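Same order as they appear, the protein sequences are chains P and C. Be aware that the first sequence starts at 8, since it is given in the numbering used here, and climbs by one per residue. Be aware that the second sequence starts at -8, since it is given in the numbering used here, and climbs by one per residue.
If you're looking for bench data, these hints aren't it; they were derived computationally from the structure. Incorrect hints may appear among the rest.
Per the computed footprint, the stretches of chain P lying under chain C, defined by three or more beta-carbons under 8 Å from a beta-carbon of chain C, are [as the list claims (entries may be wrong)]:
{"hint": "1", "stretch": "37 to 44"}
{"hint": "2", "stretch": "71 to 81"}
Computed beta-carbon distance windows for the label pairs [claimed, not checked]:
{"hint": "3", "chain 1": "P", "residue 1": "Val98", "chain 2": "C", "residue 2": "Val8", "range": "58 to 64 Å"}
{"hint": "4", "chain 1": "P", "residue 1": "Ala247", "chain 2": "C", "residue 2": "Ser(-5)", "range": "37 to 43 Å"}
{"hint": "5", "chain 1": "C", "residue 1": "Arg50", "chain 2": "P", "residue 2": "Trp222", "range": "43 to 49 Å"}
{"hint": "6", "chain 1": "P", "residue 1": "Ala247", "chain 2": "C", "residue 2": "Asp81", "range": "27 to 33 Å"}
{"hint": "7", "chain 1": "C", "residue 1": "Lys51", "chain 2": "P", "residue 2": "Leu311", "range": "19 to 25 Å"}
Covered stretches of chain C, as calculated for chain P (at least 3 residues, CB under 8 Å) [claimed, not checked]:
{"hint": "8", "stretch": "11 to 17"}
{"hint": "9", "stretch": "80 to 92"}
Quick caveat: nothing in here was measured; it's all calculated off a predicted structure. We put the CB at the ideal spot given by N, CA and C, even for glycine.
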Amino acid sequence: MAGSTTESSQLREFLGRIRPHLPLRESADILMELETAVLDRADDLARTAGRDPTEEDVRRAIEEIGSPADVAASYSEPRHVVDPAAFWPFVLRTGMLFVVHMVLIGIVTALGRPFHVGLFPIEPVGPNGLVSVLAAALHAALLDIGVMTVAFAVAGAFRRQAAHGPSSYAVEAAPRQAGGRAALAILFAIALNAPHGSLFIVVHDGVSHPLFTGWTAEILPLLTALLVVSAAKDLTYLLAGERRLTVAFDALHGFAGVVVMLYLLGGDALLEVPPLEGLQPFLEPLNRFLAQLGTLVLAVTAMLFGAKTLRRAVRFAQL
Amino acid sequence: MGSSFQDRAQAELKRGVLQLAVLGLLRERTYGYDLLRVLAERGLPTEEGTLYPGLRRLRKEEHLAGEWDTSGARPRKYYRTTDRGRTVLDALVDDWSRVNEALTRALGGDDGRLDDGEQPAA
Chain P
8 MAGSTTESSQ
18 LREFLGRIRP
28 HLPLRESADI
38 LMELETAVLD
48 RADDLARTAG
58 RDPTEEDVRR
68 AIEEIGSPAD
78 VAASYSEPRH
88 VVDPAAFWPF
98 VLRTGMLFVV
108 HMVLIGIVTA
118 LGRPFHVGLF
128 PIEPVGPNGL
138 VSVLAAALHA
148 ALLDIGVMTV
158 AFAVAGAFRR
168 QAAHGPSSYA
178 VEAAPRQAGG
188 RAALAILFAI
198 ALNAPHGSLF
208 IVVHDGVSHP
218 LFTGWTAEIL
228 PLLTALLVVS
238 AAKDLTYLLA
248 GERRLTVAFD
258 ALHGFAGVVV
268 MLYLLGGDAL
278 LEVPPLEGLQ
288 PFLEPLNRFL
298 AQLGTLVLAV
308 TAMLFGAKTL
318 RRAVRFAQL
Chain C
-8 MGSSFQDRAQ
2 AELKRGVLQL
12 AVLGLLRERT
22 YGYDLLRVLA
32 ERGLPTEEGT
42 LYPGLRRLRK
52 EEHLAGEWDT
62 SGARPRKYYR
72 TTDRGRTVLD
82 ALVDDWSRVN
92 EALTRALGGD
102 DGRLDDGEQP
112 AA
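If we strip away everything but chain P, and leave its shape as in the complex, we get (with noise of 0.2 Å):
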């Protein structure tokens, strides 16, 4: 009876409250083992009851394991993008940061031009009185909350991987997802070097015009040689199965990423909106935010390569 769920509605019921809450990739691994567990614990009891298990049996092991919303409690995971014990720091030093941010619009304002810091410009208030002025507050502390929670963000990431330590390097324990990896790098590797009209295309009037600059093409080899050496990496393992050089091998990567991303960094734009008909008026804001992106991309990235060389020197003295 307890051996099928098909033939346990109660079963099948609690199982279905509890889904909905669960993580959508673990949801039916999750499932799978909550079942096999209630009808081993109905097995059980009914064993020590001398007979064939029944739908009572069902039902009391179900009530042992909890109610659905507990369960389904249990397996939830925190998720947050500031860590819970770190909001109040999160909080003193956004207002520190809002606090310096408004003192240099003060100074810019009053000197009546613009400047930097980085990415980020610093412009002088409007003329509209008040308004201006909680206008520029406004948009200083949506800045300085967003670039506060991406530092926070990032901080929390690292403290917690530090506490965990370095995971062990995946392609050592899944050869299919190394096979996956080498075959989309070739695929990107692939896409990248396709004719220009067919990637990062702006179509005006049924014309394709490529968003790449000249110094785009110029870095293309560069980018297809860091795939390449990503895909050699993951066939190694595929093939020879030898951790210590795929891992090795990894960390060259990663460094040889580093590399590319700050050459990279030093460069011009990589994309750039041509300057077609009608879109003149757009041009200059669209080109910055494209460089800005780009910008952002590329540092982001230099960050990962670095973080990805330090875990693989790491794994590679455990190894």
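Given chain P, work out where chain C should sit, using these hints.
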């Protein structure tokens, strides 16, 4: 207040001990329900709602490996401690021994009770 502190401290202690016991017991491959039985037999009765999510977390942190075995009458997920888990287990067992010795000394006797006959405050 005292009772709340005691509950919290006991829960934290039990959670830590359970992880240690799980890593130790899973040096031999087994599935969740069987592990529950073994834990209860060895004096560490644990609720399903604590064990299964705990197994999942340890697996995510790569201290355990898990795989489904569908060859029996009922599909079962078997777990075993990974090399990484064993390294952590060894380190934690060492820590446990040190803390146990230190605590015994701090409480003033081999039996973990105060010398003057007083019970440690709860």
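The hints, checked one at a time:
1. 37 to 44: As far as the stretch 37 to 44 of chain P goes, the hint holds, because 6 residues have Cβ atoms under 8 Å from chain C.
2. 71 to 81: holds (count 6)
3. P:Val98 / C:Val8: 58 to 64 Å: violated, 36 Å
4. P:Ala247 / C:Ser(-5): 37 to 43 Å: violated, 57 Å
5. C:Arg50 / P:Trp222: 43 to 49 Å: Given range 43 to 49 Å: holds, Cβ gap about 46 Å.
6. P:Ala247 / C:Asp81: 27 to 33 Å: holds, 30 Å
7. C:Lys51 / P:Leu311: 19 to 25 Å: holds, 21 Å
8. 11 to 17: Check failed, 0 qualifying residues.
9. 80 to 92: The restraint on the stretch 80 to 92 of chain C is violated, since only 0 of its residues have a Cβ under 8 Å from chain P and three are required.
Violated hints, listed in ascending order, are 3, 4, 8, 9; each of the other numbered hints is respected by the structure.
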